[in-house]
Structure formats: C-alpha cells, structure tokens
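Visitor: Okay, here's what each chain looks like letter by letter:
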Amino acid sequence: MEKVLMKGNEALAEGALIAGCRGFFGYPITPSSEIAEYMARKLPGLGGVFVQAESELAAINMVYGGSSTGTRVMTASSGPGISLKQEGISFIAEAELPCLIVNVSRGGPGLGGIQPSQADYFQATRGGGHGDYRVIVLAPSGTQEMMDYTIEAFDLADRYRTPVMIMAEGTLGNIMEPIIVRDPVEKFYDKPWAITGCKGRKPNIVNTLHLASDFLEERNRILQAKYKLIEQNEKRAETFLTDDADVIVVAFGLMARIVKKAVMEARKNGVKAGLIRPITLWPFPDEHFKKVAETARMVLSVEISMGQMVEDIRLSVNGRVPVEFYGRIGFTPNPEEITQQLLLLAEREGF
Amino acid sequence: MSTVYNLKREVEKPARLTGGHRLCAGCGAGVVVAGVLRALNNEDRAVVVNATSCLEVSTFMYPYTAYMDSFIHSAFENSAATCSGVEAAYNALQRRGKVDGTVKFITFAGDGGTYDIGFQSLSGAMERGHDMVYVCYDNEAYMNTGIQRSSSTPRFARTTTSPVGSVGQGKKQNKKDLTEILVAHNIPYVAQTAPLGNFKDLHSKSYKAIYTEGPCFLNILSPCPRGWDYPMAKLAEITKLAVDTCVWPLFEVEEGVWHLSYTPKKKLPVEEFLRPQGRFRHMFQPGNEWMIAEAQAYVDQKWERLLERTGA
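Going line by line, the protein sequences match chains B and Y.
According to our numbering, the first sequence is numbered sequentially starting from 7.
According to our numbering, the second sequence is numbered sequentially starting from 99.
No wet-lab data here; the hints were simulated from the structure.
Any given hint might turn out to be false.
[As the list claims (entries may be wrong)] List of simulated lysine to any residue pairs, SDA-like, C-alpha gap at most 25 Å: (1) B/Lys234 to B/Ala101; (2) B/Lys13 to Y/Lys274; (3) Y/Lys274 to B/Lys234; (4) Y/Lys270 to B/Lys13; (5) Y/Lys338 to Y/Leu105; (6) B/Lys241 to B/Phe128.
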C-alpha cells in the first residue's frame, strides 16, 4: 500500500475525518494548533462544521452540544487548555456523550513551556474534573498510531458512550513519518439516545443535574458499572522481550519507542531488559504486570514527567517486585541515558 | 506632562521597554508598548501585567526581561484579573502606609487575550473600577500560535483557521467592536489609537489613560507583518492607511463624551489598505469585487455612525 508522509497532528486530524468526525470545536494552543488548522481546511468541504471558539471552555461545551445530536465531534488542545476544559469533560462523562478530546501535551505546571511532556498523566487518567468519572485514554507512539488510535477512539466513544482522550507528547504531534492512510469508516453505531427531534417518539433528555439523593447514587452506580466493563474489555499494552527479562522498563507514547532502543542496547551489554508499553493509560493494563511481577527482578518506569505512571505500576505489581523511576521534564530522555540507567541498576542489583 | 508634545523630548526619556527583546522585526506590538510606557512620568513606577501573547513570550523570557518596571504574567484568560489583584493589594499596602510614591498598573494583552478568552476578566475588572489601564494591542488574530482567526479578525481576512479555498473565502464575520463595548462599561476613559506619525495621538491617549483615576481602556492597532502578510518595513505605511481609510478611526470617549481625534484630509478607498496585505489577496481576484464593496460599505457605515456620535 502506498505510504504518505504526514505530520502527527495532521494524521490525527485526517484519522478523525476517516472516522466520520464532522464537528470540530477548537481554540489555538501550541503544540496542537495544526489539528484545528487542518480541520478548518477540510471540514467545510465535507459538509462538516469547524468552529473556533472564544476559549477552551466554550469549545468543550460546543462538543457537549454537538455530541448530544449524535454527530461524531471532537476538540484538541494542550495541557493548559485541557485544564480549562475539565468542567465540560466531567459534564460530558456524566451525560454519557461520546466524543474525542486530544491532548498534544506540553510541560507544566503553570504556563510551563512548549517542550513535549507526559506530565498530564494524572489529569488524564484520574478523570481530571470533579466527580467520580473516568475517561478512556489512548497513547499513540507514532504517526501511524496518531491516525489509527483516533479512528479507534471514536469507536470506543460510541460503543461505551463516553469521552475518549488521546494523549500524545508534543513531539508526536509535530514529527512527520510515512503512514498508510486508512479507508473511511462505514459502520456506525445507532444512537437512539441522541437529540434529533422527537416527532413520533418520546423525547430524549441529556441531563447531569440529579438533586434527589437516591437518583444521584443510582447514576454513579451506573457509571461505575460501565467503567468496570471498560476495565474488563479494553486494557491494552505492547510487550517486548519481557519473557526472560530481569528488568522491565515501562514507558508509553513516543518514549516507549526510545526505550525500545535502550532495551536492545542493554541486551547487547548483557543485561536482560524488556519493555511494557501501556497503550491504554486508563484502563491501565495491570494484567500485563502479573506475570512479570513473578519473573522480573525489577521494574523501571521511564516518563517525561517527575513520576506519575509509576504509581499505577506500583499498584499493578502490588509490592511483589521493586519499582524504580527515571524521568525528566523539559527534555526527552535519550536511549543512551536510559541504557546507562539500566546498566547501573544491573550492577547495583547484581543481575 | 508639558502641554506641548515634543517627540524628540519624549524619546530621549529613559526607555521603559528596552531593546533586545525578541519580537519580530517590524512588529507593531513593540512600538505600541514602548509608546504607552513612554507616557509614564519618569519618577513614577509601574506594574506591567501581560496576558499570554507574542509580547509576553518575546519580552519576558525569564530570567530575562525587557521591562524596567515590575512585570507579572499568569495565563491567557486572566490578565485583567491578575492586575485587579495587584492593584487591590497595592491599595491595602498604601492604606497601611507601607508603600511610597506613585505606582501605575498597566495591562497589555493581544486581541485573542482581550476580545475572546480574556473578555470576562476584562469586563469584571472594568466594572469593579480598579485604578488601572488595560491596553489591547490589536493585531487581529492569534499570531503567537500561528495566525488563527480571533473575533477581532476583520471579515474576509485569511487566517489558518479561516482559510481561502473552494468553500471558504476567509473569515465570514465582521470584527467585533470591542472599543464600543468598553464604552458601554461607563468607565472614565476609553480610546482607540495607533502608532502613527509622531506618536502624538498614542502618547496623549496613553497619558490620559494612565493618569485618569479609575479603569481606563486603550485599543491600539498593532500591524503584524507575518500575520497580515506585508513587507516588514511597512509598519508606518500600513498603520497610516488603516487610519486614512477609516478602517481604524482614532477617537476617545471621556466620561461618556465622544471626541473624534483625527479626520483624514481625504478619506481613502478601503482597497488602499487591503491591497498591500496578503491576507486580503483573494479579494482582488476577478469575481470577488463584491467583497471589496461590502468591506467599503461596512467601513462607511461605522464611520458615519462615529461622526454622528462625536458630532464631527
């Protein structure tokens, strides 16, 4: 199949169009703005709608409105903008509206910088806004996956009637790689809940206000049951050379590709290393850690943050194997320094 | 301030926005900010508040600063709120006799940070009546993130989110009239100006805004050679054309009374302003004459209304 050279942000945007996304509501922020620009160029010609909002708050609430009609809709931003969207995301989760939220993430906290970062992991995987809710979070590691996971994200969103987030370091949004452009999605879900005009049927209601105590609790139980189902079905990870590994490195996103090289270098130096790459950050692929917790002597989490995913890894191995952390922010760790970390650990621990 | 404006004397004052900042060559914003700060009396201090913007990322790259005055930045949507907080704290310190001298509070934000995301915070600060000046340097799009449209972008202008192609012909909507919205806040002083000629208009309006008690607002046109797509040496020329075509009229509203500051000797057709700019290039293609006609009609209508209001 013929490959096309595409920028990560554009591959993601094209993936959304392939998935039938016909509403984009955005607000400019580096390093995600190319997604909005691509949609501004393409959506009008496809009979879709591109709206540039006056703020991230407005954009996420346009997503709420757009999704209520059953249309596939999305927004894209970066850390500070995603922070502003949190109120809306909480509302969308409780209203059980499917949509895609993209975080092409940069370094915080505060204004931070525009360097690639994974420090929005907590924000993404713990719900982010108020109340008991979760968002499915997919972490692509290359330009092809920027497209593929976007297509997948719309499917998951409709299947579970939930917001889905794609979290990609700023680098992924801005590098170019040759990719295979997928065929347009043709199978869509029925959306009997959508607000489409109620002539001849009972009106549908999209609502998140539940003043009665028992109904509020019931709504929360319904949401939690859905999250349990997602946890059962959707945990995903990629494993690489884990069977005989003494040390398991865990990394997601582009960081995982960099770690892969370090794993191979470490093996050349006689250290049996392996990689687990979580693809779903929530639900976290804890099953993949069950076996390595018995066979590996150590786990090392490598993140472009000060240590966030490491907490989920510790929960997953539950004390059965020591978990260490290596991370930077402002810089993306390179293969040499990770290899160095692995050799140091091996020397210290004697494997 | 001496009653007679003298550019040479003004530019010989110690600069408060110093050279060496990282704004693009030919950027209007740097000229605007230097011009506003020049209106401060030498002995007075200022707190400069800045919304996220080209200006912020270019003039205050911590630990470097281009400002001789104190500087504070927090986020994109809240410069007026940040300024309100600083001004309120200053008042509290002053009441307890803990600060000496005059401190002025000046906020700079671009049109994205003012017309759009910062609007709520601006409106709140003006209504509460903080003693501050809010300066919008209006370059008519989100230049810092790569030239996306804002509610200040004029109709038909090409930006990266209002592209020109087979379906779209640049921005569909007219520019929001922010200055008029600020007049509706019933604050002591509102003015529209531009970095023009000998800067007298910019200077005197800045001086009035800074030294009038209470909340004051300046909307200052700041051409952007990158976003507007014209040669960077033409800042003065483009600004003059904006004013002489009445696309950007100069006026002020003092305690609710409107004054027109400048009447062009000969009101130029709007094409004169549009033609040198790449963002309007498609308007000059055959078949698009209606766009120029509509742009002209809009400018004429706004200008007539301004003449009525100012009694000019």
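Visitor: Now tell me if each hint is right for this structure.
Guide: Hints, verified against the model:
1. B/Lys234 to B/Ala101: 18 Å, holds
2. B/Lys13 to Y/Lys274: Roughly 34 Å separates the two Cα atoms, so the pair is violated.
3. Y/Lys274 to B/Lys234: 48 Å, violated
4. Y/Lys270 to B/Lys13: 28 Å, violated
5. Y/Lys338 to Y/Leu105: 18 Å, holds
6. B/Lys241 to B/Phe128: Satisfied, since the Cα-Cα distance of roughly 17 Å is no more than 25 Å.
Consistency with the previously given hints fails for numbers 2, 3 and 4, ordered from lowest to highest.
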